[in-house]
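Enquirer: Sequence:
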Amino acid sequence: MEVPLAGYAGLAALLLTVIVGVAAAQLVSRSTAVDSKALLSLPFLSGSMPQEHALSRFHARWYPMTLVFLAFDVEMLFMYPWVEVVATVGLSAVVEMFIFLGVLLIAVVWAWREGAFRWV
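With full-length UniProt numbering, letter number 73 in the sequence shown gets 73, and the count goes up by one each step, no holes.
The set of hints was computed from the structure by calculation and includes no laboratory data.
Think of the CB as a built atom: it goes at the ideal place given N, C-alpha and C, for glycine as much as any other residue.
Check each hint, because a few of them may be wrong.
Stated by the list, open to error - Derived DEER-like restraints, expressed as beta-carbon distance ranges:
1) Ile99 <-> Tyr63: 23 to 31 Å
2) Thr88 <-> Val34: 30 to 38 Å
3) Gly7 <-> Ala93: 55 to 63 Å
4) Ser29 <-> Leu67: 40 to 48 Å
5) Gln26 <-> Ser92: 53 to 61 Å
6) Arg57 <-> Gly21: 21 to 29 Å
7) Val83 <-> Leu105: 18 to 26 Å
8) Gly7 <-> Glu75: 48 to 56 Å
9) Gly7 <-> Phe100: 50 to 58 Å
10) Met79 <-> Ala13: 45 to 53 Å
11) Asp73 <-> Ala25: 28 to 36 Å
12) Leu15 <-> Arg57: 31 to 39 Å
Please model the entire structure based on the sequences and the hints provided.
Expert: The following block contains the structure:
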């Protein structure tokens, strides 16, 4: 029984695309990589040696706190125009805002229980 090769043309194109993509990503990574060796000179006007590389990564524990901060920042973006709308819409706007604040409070309690606010 003979298998038609036309059925494998899509698979071959996908495989070729993946191989070319991975090779291109490796090339870009190697050409733009930061040298991981320690600095050979002191920073300008500083009296101490650097403790880590200048492009070091932040610890992962900072990211949940950043997301919580952004959530409350967006909350403020919704509350400023709400002050103008509540005068014309009335009680339903107040109820909607308290529902919104309740959802945010649930999110903060959940983040607290998950340990997003633990710094150590």
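Enquirer: I want to verify a distance hint. Is the separation of the beta carbons of glutamine 26 and serine 92 within 53 to 61 Å?
Expert: holds, 57 Å
Enquirer: Between arginine 57 and glycine 21, does the beta-carbon spacing fit 21 to 29 Å?
Expert: With a Cβ separation near 25 Å, arginine 57 and glycine 21 satisfy 21 to 29 Å, so the hint holds.
Enquirer: Is 55 to 63 Å right for how far apart the beta carbons of glycine 7 and alanine 93 are?
Expert: holds, 59 Å
Enquirer: When you take the CB atoms of glycine 7 and phenylalanine 100, is the distance between them in 50 to 58 Å?
Expert: holds, 53 Å
Enquirer: Is the gap between the beta carbons of isoleucine 99 and tyrosine 63 within 23 to 31 Å?
Expert: Check passed, 27 Å falls within 23 to 31 Å.
Enquirer: Does the Cβ-Cβ separation between valine 83 and leucine 105 fall within 18 to 26 Å?
Expert: About 20 Å separates the Cβ atoms of valine 83 and leucine 105, which means 18 to 26 Å holds.
Enquirer: Is 40 to 48 Å a correct range for the gap between the Cβ atoms of serine 29 and leucine 67?
Expert: Since serine 29 and leucine 67 have Cβ atoms about 27 Å apart, the given range 40 to 48 Å is violated.
Enquirer: A range of 45 to 53 Å was offered for this pair. Does it hold for the Cβ distance of methionine 79 and alanine 13?
Expert: holds, 51 Å
Enquirer: Using the C-beta atoms of leucine 15 and arginine 57, is the stated range 31 to 39 Å upheld?
Expert: At 33 Å between Cβs, range holds.
Enquirer: Within 30 to 38 Å or not, the Cβ separation of threonine 88 and valine 34?
Expert: Distance hint for threonine 88, valine 34 is violated at roughly 55 Å.
Enquirer: Measuring from beta carbon to beta carbon, are aspartate 73 and alanine 25 in 28 to 36 Å?
Expert: holds, 33 Å
Enquirer: If I claimed the Cβ atoms of glycine 7 and glutamate 75 lie 48 to 56 Å apart, would that claim hold in this structure?
Expert: holds, 53 Å
In terms of the numbered hints stated before, the structure departs from hints 2, 4, listed from lowest to highest.
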